[in-house]
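Asker: So the chains spell out like this:
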Amino acid sequence: MSSRMEAEEIFKGLSEAVIAYDEDKSVEFAKAALENDVDPTDAILKGLAHGMEKVGELFDKQEYFVPEMLACADALNAAVEILKPHLKIRSEGPQVKVVIGTVEGDIHEIGKNLVRIMFDAAGWEVYDLGGNVKLERFLEEQQKTGADVVALSALMTTSMAAIPEIIKMIKSAEPRVTVMVGGAPLSWELARKYGADGYSPNCGTAVNDTLEAIRRVREGHGSWER
Amino acid sequence: MTVTDRAMKLLKGETIDRIPLFPFILGFCAKNAGYPIATIYQDASKSFELQTFTLEQYSFDWGPLYGYASYGTWEFGGEIKMPESNYEQAPFHTRFPVNVEEDVDQLQLPDPAKAGVLPIAMEFSKLQASNQRPISIICGGNFSIAGNICPVETLCRWMLKKPELVHRIMKMATDHIVDVVRYWCEAFGAAQVIPQMWEPLAANIIISPKQFERFVLPYLVESSKKILAMGVQHILYHICGDQNKNLPMWTQVPTGNPGLCSFGIDIDLSVAIEYLGENNVIIGNIDPIALLSETPDTIYNLCKTAIEKGKSAPRGFMLSSGCEVPPEAPPYNVYIMQKAIKDSMASG
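In order, the protein sequences belong to chains B and P. Just so we're aligned: 14 in this note's numbering is position 14 of the first sequence, and the numbers increase by one with no gaps anywhere. Just so we're aligned: 67 in this note's numbering is position 67 of the second sequence, and the numbers increase by one with no gaps anywhere.
Think of the hints as simulated: they come from the structure by calculation, not from any bench. Be a bit skeptical, because a hint or two may be false.
To be verified - Derived pair list, reagent style DSSO-like, types lysine-lysine, alpha-carbon separation capped at 27 Å: (1) P:K162 - B:K54; (2) B:K84 - P:K81; (3) P:K46 - P:K114; (4) B:K54 - P:K210; (5) P:K161 - B:K12.
Okay, chain B solo, but in the shape it has when bound:
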């Protein structure tokens, strides 16, 4: 890619490379972005993140599955590694800090990791606590990082029971923090019953569901509807 490239062409190339989970191509276009003086932030947001948004839609429609999602994320991350050292700090789009983890008693991290990928792709600052996370760690990490959102995941019915306990801890200490929940046994109804501010049924909608929940919390709406 030695000839001069337009920014739009690079964005398209990055987006398509992510969708095609082509790591070589995404790296190639990331290098092209730098060589052609394309703003690295634009390359991430208008290229890579745009591609990942499409990947989320494909996952939602069951055209892509976990293997494809992970491979797309690898292509995105490979390009981000090239672009990251050249990023200039620029506040564009919602800047969200999220603490995320799978709750105590539960080591299932796939769902949580897919949601983290989407948060990363949206340019959010993500603090991933991993799996089997002790209840109090969520609040500790939120207070340490000043996160706007705590996202809790569970796959087991026993571990799911930890969620209302964690929400109680967070809400009594930090009522303005948005708490999101997700995972196979959860539902809109259970999320509401547990006192969560939002629920996301899958990773494809996680970013928008979280933004919506943040808005509700900031506007002081105690209850929420689907």
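Here the structure of chain B is known, so what remains is to put chain P in place on it, guided by the hints.
Answerer: Showing chain P alone in chain B's frame:
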């Protein structure tokens, strides 16, 4: 009629007085008798005793059973942890045998007499035999073992980037299943053994139907054929999670005459019967979350609907929870399943 007569008659195609209630209930049995959940997995004798109490209390028609979904990790050289805290439901892996490509070269087939949890499972099966209960060994399914040998995310990445590694791990899992079932058959006689394979990781929330066809189906067929060739009469597959798009392929997996297939809430029982009812007893599929958090009325109605659909299963139907009954489920909600069965007899 003894505890399991009803289910055994169903397998023989004989007429039975009511729909059997199949147990998918482990941690609940420990709590029900005042013991920690880990007892179910650590102590074969106590596990058998505690399950027997609950199965009798709620008139289940099968069991006790021994097994858990993380099977394979310990047996292939990784580590698991028994449930301890209030939020832990079953043993879970703390270290996988395979994390990087080179680890696949080190994998060796476990000795069914000694590896991991198998000595406890064998002790449990001896109790099944001496108490005239169905002798089961829960040792799969193939892809779920592979996902317990190697983190599922790594396995998923390798499906696209290094498929030969996935095939090697699947082959190891398949050979292991065959080895374990053969060992059980040698101990108890093939006709007495009803192996169970739980296959949650093959759900379409994780892999595509095409990936199922390429990486899972051939191995399911291989181990099933070899197990049936030993003289095993019935294999039970728990087709867990949303596997609607895999169902046409599941019809290619031999399961015995009849086999047994159990389902979670993501697969409608009528659809399950349509695909697999001709050759299998159908088992399912009361929502475990409903058992945990809904009213008895709601559960009763779910059971009525399931029984109504199950009646059309040509090889028979057993009512069951769609996955493990949550250990914290209200006891009355568990009782409702049996009540719905008895009421359905009264109403014809």
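Asker: Hints first: check each against the structure and report whether it holds.
Answerer: Quick rundown of the hints versus the structure:
Taking the CA atoms of K162 of chain P and K54 of chain B, the gap is near 25 Å; set against the 27 Å cutoff, the hint holds. With a C-alpha separation of about 39 Å, the suggested pair K84 of chain B and K81 of chain P falls outside the 27 Å cut-off, and the hint is violated. With a CA separation close to 21 Å, the supplied pair K46 of chain P and K114 of chain P stays within the 27 Å bound. For the hint pairing K54 of chain B with K210 of chain P, the CA-to-CA distance comes to about 21 Å; that is within 27 Å, so the pair holds.
Restraint check for K161 of chain P and K12 of chain B: satisfied, since their Cα atoms lie roughly 24 Å apart, inside the 27 Å limit.
Taken one by one, the earlier hints fail for this structure only at number 2.
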